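Enquirer: Each chain, written out:
2 protein chains.
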Amino acid sequence: MKQSLTLIPTMREVPSDIEVKSYKMLLRAGFLKPSTYGVYSYLPLAKRLLTKIEKIVREEIEAVGAIEISLSSLQSHDIWEQSERIHHFKDELLTLTDRHKRKLLLATSHEEIVTMLVRDEIKSYKKLPLILYQIQMKYRDEKKSRKGLIRSREFYLNDTYSFHANEISLSDTYDRIVQAFTNILNRLRLNYLVVEADSGVKGEIQAQEFIIPSEYGDTVIVKSNQSNYMANVEVANIMPNNKEKTTLLKLLEKVATPEVTTIRDLCQYFNISPESCMKTLVYLIDDEFVVVLVRGDHQVNEYKLKKVLNATSMRLANEDEINDLLGCSPSSIGPIKLPINIKVFADYAIQSLTNSVTGANEEGYHYINVNPERDFAINTYADLRYIQEGEISPDGEGITQFIYGHEIGHVIKLGTFFSEKFNANFVDEHDVSNPILMGSYQLGISRLLAILAEKCQDDNGFVWPTYLSPYDIHLIPINRDDEVQWNLSNELYNILSSYHFDVLFDDRHESPGVKFTDADLIGLPVRVMIGKKATEGIVEVKIRSTGETFEWAKEELVDRLNEFFRTNSYN
Amino acid sequence: MKQSLTLIPTMREVPSDIEVKSYKMLLRAGFLKPSTYGVYSYLPLAKRLLTKIEKIVREEIEAVGAIEISLSSLQSHDIWEQSERIHHFKDELLTLTDRHKRKLLLATSHEEIVTMLVRDEIKSYKKLPLILYQIQMKYRDEKKSRKGLIRSREFYLNDTYSFHANEISLSDTYDRIVQAFTNILNRLRLNYLVVEADSGVKGEIQAQEFIIPSEYGDTVIVKSNQSNYMANVEVANIMPNNKEKTTLLKLLEKVATPEVTTIRDLCQYFNISPESCMKTLVYLIDDEFVVVLVRGDHQVNEYKLKKVLNATSMRLANEDEINDLLGCSPSSIGPIKLPINIKVFADYAIQSLTNSVTGANEEGYHYINVNPERDFAINTYADLRYIQEGEISPDGEGITQFIYGHEIGHVIKLGTFFSEKFNANFVDEHDVSNPILMGSYQLGISRLLAILAEKCQDDNGFVWPTYLSPYDIHLIPINRDDEVQWNLSNELYNILSSYHFDVLFDDRHESPGVKFTDADLIGLPVRVMIGKKATEGIVEVKIRSTGETFEWAKEELVDRLNEFFRTNSYN
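Going down the list, the protein sequences come from chains U and D. Residues 1 to 571 (my numbering) make up the first sequence, in order. Residues 572 to 1142 (my numbering) make up the second sequence, in order.
Source of the hints: derived by calculation from the structure; they are not laboratory data. Among the clues, some could well be false.
[Said to hold, decoys possible] In the DSS-like style, the derived pairs of lysine-lysine whose C-alpha atoms are separated by at most 25 Å in a straight line are:
1) U:144 to D:1125
2) U:554 to U:533
3) D:1125 to D:1103
4) D:697 to U:47
5) U:123 to D:672
6) D:694 to U:147
7) D:626 to U:52
8) U:515 to D:674
9) D:618 to U:52
[Said to hold, decoys possible] Reference listing, derived: stretches of chain U covered by chain D, where coverage requires no fewer than 3 residues with Cβ under 8 Å from a Cβ of chain D:
10) 66-76
11) 308-316
Note that the structure is predicted; figures quoted are calculated from it, not measured. Here a beta-carbon is modelled for each residue, glycine too, at the ideal position from N, C-alpha and C.
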């Protein structure tokens, strides 16, 4: 490809507010262009990279027996109401109304429609298992989307769905797709973790995430410093603490607490630590208000809360609702003298609190010497908080540590959640009708591009490995106006192309400095420079990854390059 | 591919309300699945067909020097206001609002965003020409979308955009892309017409459409029965008719016309023909009411009207607006005694009308003996109507005939329409800044699939040519329970696959009748059946297109098939 014919708008300076490492370099090297908020266009080099990534993904997913389809992105809002996923995604779904006033949405994944398809077409165990996949644009109105391709609102995803007559078959396919994802990440030379995860779906059997560790990642992984335990912080279990209460219970007392609005204020006011306080929150869960209690230094984990309550929809009550309900602002609420019928869910850590402090449900007042059970009733104790660093590991071995990373894949044994919602049943060997078992598997394609962009770079630009690089060779005449250099460059462009190298030929009228800076930014594995020694038929070759340079005669160039790519390509 | 592992839900009966030939067979043969109104999912066989079509399109478009990119589908509503295309597409655009209350839309083509991209990155003639293309899902909220893939609301399109420093360069690329489209349609063995067309954009230099003639098509093409003249009926010019008026002009007279609401009523009432009447219409054009006159037997051509008035937005005035403006209902309006300031645009055919009939702008009254110029003023005469069959051809040679077809491609020399809207300028050799010249080229990919589905079928199902077929060979054991047949089938599946044939292996537990009916529906070029003669190592081969059958020994099968595909594949 002649560089003058394509579009690689490299930049000397990127806007200073762009902090994401991958995004910054994708802009600098002319791979990507922002379109509208959280949405991007892929320029020629990024499109070539995407194609290479997609090819690897297709090969590995098809090896599992998955069949490619293309399900519609425009979907009826109704089917998302039927699956109740509308409540899970809420504002993250992009919805629209067509000319006939029908409500539509842009799919973020395709469980509903693929379940309906299989329900209509598969009636017997004889036609199971079935594995369908696609690689396609998806849509999600992310709250925080200023992250380039890591979290964009329009993104490429590989989504695979499997359908089974029994759990053995589901487990077998699940394992083989986990292996396929593993193969893909290995072929891309990416380190990864496979961790327990939340599925976002009620009653799933198992869910795991593939995480690429990165200091820039926004997914928090909990690991043990002594065992193999590893999980997304959303699902890391915390054991009940069965510490005996030995402290003497003091008398409950109401105290005026003017200007106390936060746990921190409260601690200062009473000169106590957050561990001694009780934090009270009110949630609206499936149209019912409930009170949730956690220790002052703990954070409510809504994933766990949702699961414990088997909830479909859930959100924090707002200030008005709390005022209506309890007659005070959120900073003065507490679990004592609650209106009847309001259920109280307490984290396990509340169990061992003695003589604690809570709001009094009266503006500007708190109770001290609060003791659970004695002073108020608790409906359920459960694991409702986020684990913290330095706690005992959920598996009991060692201490927890946090690792940050990018979530790149998500595999879920869905069980019968969707097939029950959509009546997707099959008849088994004994003529008995059963709901089809399902699995769902997602791998982020544009996110993979971002992660590779983060990993494959140095200060000067990208450093693409041979098996990913948009082109193989960057061919650069140093002085385009020098006839000998120009002719040799053209000759080599034709020769290398005829040997099936993908060559980017810098035929632009630019200074050598500009061309070299651009070549470093673009990051092709091999640069072939035709300079003064063209008269002797000698070219200079530079390896982007190592910085090594060689002077090779034009006659040996093809053999040398073949040797380089043979020893540096992937298996 | 083992048929049991993929999804080909053939149907014995399709719903009786499905009339479109291509759609019907795509459903019957299990290629397509309706998702929501006017939106479809592509099942495995359709996806394979699409991939083959896309490959041919990519090869031909890239041969012109076009570079693949992927522009965002989610776009800011603002930029479509800036280009004023919002007025052209109106209700056909699917618009939405995100969580931050920003107005977005789903692109139906990408002129705005690609112009902005090139504006930002191309500043000099040295970087021109540039040709960018994509193959991508587009969105259009079609008014009539019950046509399967011919007119779906979510559709694959190949859209290409070219950027130039001068008209010679634009014309050169335009011609080469026309040639690329021609090559694609030739390779797909589709007959086509290239006709003059409307561009939908003001001030374009040239626009043509590629039409696949079909009795099922909804595009009307006008051709001459004697010359090469051919055009979309939307743009077919009609010459002014300079017939001398020889009739004696009678006195204008107002007549009560109770119960006359249509031109037909009027003709009956006065016992005249529609050719003698004048039809009056009121349009709201760029916020101004104008009156348009055509002969009673003619239809206003809004494409021409828009162009004559250089209008951005245009629609028919509604009944209330007409009542407010003229004090009567639409059936009594006419051009006499109009409120001052209302401009009158008349079709050329009005010029030669004498003693005609029009509404009197008074409920239930018409004028007779109406003569233009004498009885009312006309601001502009222009070509404002649709040509009819049997008229003199626009090029003066022969008589017009109508042909119906599917529009498959659209090529437009846009000129500077978008570059002026978005300030996309370049500096030329003389350091002078000029707007970039642009071309836009579209080829419908999913519509191509529909057209091929319409053409490649007989009563029993699809008849795919070798170069398009989702698989090459349908391998069918007649009795799966016969060990000899089953073993030979498996042996041949392995052998044929190892020779790089794409084999669909019908390993299902179905009767021979079901398998043969499905095979006919699916329509692969060659069917290899393993039946009783398996014991002698003999198989039966049937050619789908001709119905010929052969008995071949398994040893000669590969050679015979190679010979068949060699002589029946495309160049």
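Enquirer: Hint by hint, note whether the structure agrees.
Expert: Evaluation of the provided hints:
Proposed proximity of residue 144 of chain U and residue 1125 of chain D is contradicted: the alpha carbons are some 63 Å apart, above 25 Å. The straight-line distance between the Cα atoms of residue 554 of chain U and residue 533 of chain U is roughly 11 Å, inside the 25 Å bound, and the hint therefore holds. Note on residue 1125 of chain D and residue 1103 of chain D: the hinted pairing holds, with a Cα-Cα distance of about 13 Å set against a maximum of 25 Å. With a C-alpha separation of about 24 Å, the suggested pair residue 697 of chain D and residue 47 of chain U falls inside the 25 Å cut-off, and the hint holds.
This hinted pair does not check out: residue 123 of chain U and residue 672 of chain D have alpha carbons roughly 44 Å apart, beyond 25 Å. In summary, the hint linking residue 694 of chain D to residue 147 of chain U is not supported, as the alpha carbons are separated by about 29 Å, beyond the 25 Å threshold. Between residue 626 of chain D and residue 52 of chain U, the direct Cα distance comes to roughly 16 Å. Compliance with the 25 Å bound is thereby established for this hinted pair. A C-alpha spacing of about 41 Å is found between residue 515 of chain U and residue 674 of chain D, which places the hinted pair above 25 Å, so the restraint is violated.
The hinted pair formed by residue 618 of chain D and residue 52 of chain U meets the criterion: a straight-line CA distance of about 19 Å does not exceed 25 Å. Residues of the segment 66-76 of chain U lying with their CB closer than 8 Å to a CB of chain D number 10, which satisfies the three-residue condition for coverage. Given as covered by chain D, the segment 308-316 of chain U fails the check, having 0 residues with a CB less than 8 Å from a CB of that chain where 3 are the minimum.
Checked against the numbered hints above, the structure violates hints 1, 5, 6, 8 and 11; every other hint is satisfied.
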